[in-house]
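We have chain A already, so just place chain B with the ligands on it with the hints.
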Amino acid sequence: MDGAHNIEVDDGGSFPCAPERNVLLAMERCGVAAIPIGCRNGGCGFCLVQVTSGKYRTGPMSRRHVSKDSSEAGYALACRVYPDSDLSMRRATQAERLEGSIGPAEPPSGYGNRK
Amino acid sequence: MAMSGVLRPGLVQIRVLDMAAALIHYRDRLGLDVVTTGADGRVYFKAYDEFDHHSIVLREAEEPGMDYMAFKVESEKALDEFARKLRDYGAEVSDVPAGEQPGVGRRVSFMTPTGHRFDLYATADLSKDGPMVDNPDIWRSEPRGMRIIRFDHCLVYGDDIDGTAKMFVDVLGFKLSEMALAPDGTTPIAIFLTCGMKAHDVAFVRYEGKGKFHHASFRLESWNDVGHAADIMTRYDMSVDIGPTRHGITRGHTIYFFDPSGNRNEVFSGGYEYYPDEPVRKWTYDSAGKAIFYYERALNERFMTVVT
Ligand code: FES
Ligand SMILES: [Fe+2]
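So the sequence lines, in the order shown, correspond to chains A and B. Residue numbering for the first sequence follows the numbering used here, starting at 1 and increasing by one per position. Residue numbering for the second sequence follows the numbering used here, starting at 1001 and increasing by one per position.
One chain only, chain A, in its complex shape (with noise of 0.2 Å):
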């Protein structure tokens, strides 16, 4: 694949990732089952990862899920991570995916929102 990175996952494997595709939908069509599948679209949380090197942009993921401070310290949802050189991660561990999925009851406030 031309100007492909590969992306490497702690005890998951390898595969190689487009810049312009999400690490998540790579790891899929390659066959590889690294990180689980959940909506592939950054809302559920299922494919939370902790990028450990390399370069990466990020499109639009559930702060639920991935809060700022979290995606400083290299949290991200592979479905919305597009390398820009060769990465290593690891999966997040169940109590780290469950923290966001569990969460506050609340829903964000906003207009349409009960006061």
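Treat the hints as calculated values from the structure; they're not laboratory data. Computed from a prediction, not measured in an experiment: that's the story for all the values here. Mixed in with the good hints there might be a few duds.
[As the list claims (entries may be wrong)] In silico contact screen, one side only, chain A against chain B (beta carbon under 10 Å); selected entries:
#, residue
1, Leu25
2, Pro36
3, Met61
4, His65
[Claimed, not checked] For each label pair, taking beta carbons as the anchor points, the in silico distance ranges come out as:
#, chain 1, residue 1, chain 2, residue 2, range
5, B, Glu1076, A, Ala33, 51 to 57 Å
6, A, Asp86, B, Glu1092, 50 to 56 Å
7, B, Ala1039, A, Ala4, 42 to 48 Å
Idealized CB from N, CA, C, for every residue including glycine.
Just chain B with the ligands now, with coordinates in the frame of chain A:
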């Protein structure tokens, strides 16, 4: 059968991460019509065969999910009566004035024990693009995209589904049409409720945590149209969860797929007719796979765990 009280699912407000991507999905792929965009950026949609002003509201936010689902009730008097009954029941109730969104009258808003917000309203403007009524053709102009007929129902996840179901049955007059049971053979893990003659209008699945959104469902005319929707999903490389397949529960033909913010959508056709004197259909734990996905006879992990 005379329908009274709560008439039907009227609308749902869904949070999206990126409105531009959501427009392509809901307008061009699903084929809903954009009715209007509000000053606050919310976008209002309707399906071609719906009479009322709109049925889908999208709001851009930092996390996806469902803000609320709203049911239309038969009259303003019935609305007042439901508000009183909900307060007497001990529910957290608030009033949403008319004008909060275009084309819809005042709403009564309440929280369920599962942490979901539901609204009731009695008044909505008729859409000028609604179905014809004088010597009506089957549509004004040919349906686009997946050819969705109407917004059909929602399935949501939360902890106290027993308390929520009791509220819908005792206060709002819903009927329990179907349920799936835990291994103990008595505890419900999924509850399907109807306010009319459809197999379900809203459903709840037991889940740790509150206020989760599983899917909003859209009605199609036929199994053929479910196939047509599947063709669109592949052509545009959309994120599919499962299907085309069939539910044992409700017997509907279905595809689950995701919008560009990870909210699950369903397209759905068929399903049995429900009469309020019918017994509750029950599924034991060892048949839960068949209950949800009749052809696969197994649940996928995504069904039980992937929510927004
Ligand atoms: S798969 Fe749902 S957020 Fe990536
Ligand atoms: Fe459904």
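Min Cβ distance, His65 of chain A to chain B: is it shorter than 10 Å? Holds. Min distance 8 Å.
Range first: 50 to 56 Å. Now tell me if the beta carbons of Asp86 of chain A and Glu1092 of chain B are that far apart. With a Cβ separation near 52 Å, Asp86 of chain A and Glu1092 of chain B satisfy 50 to 56 Å, so the hint holds.
Against chain B, with CB atoms and a cut of 10 Å, does the hint on Met61 of chain A hold up? 7 Å, holds
Quick check on a hinted range of 51 to 57 Å for Glu1076 of chain B and Ala33 of chain A, using CB atoms only. About 55 Å separates the Cβ atoms of Glu1076 of chain B and Ala33 of chain A, which means 51 to 57 Å holds.
Quick check on a hinted range of 42 to 48 Å for Ala1039 of chain B and Ala4 of chain A, using CB atoms only. 45 Å, holds
Agreement of hint Pro36 of chain A with chain B interface, Cβ distance less than 10 Å: 8 Å, holds
Using the nearest Cβ pair, does Leu25 of chain A come within less than 10 Å of chain B? Check passed: Cβ of Leu25 of chain A comes within 9 Å of chain B, closer than 10 Å.
No hint from the list above goes unmet by this structure.
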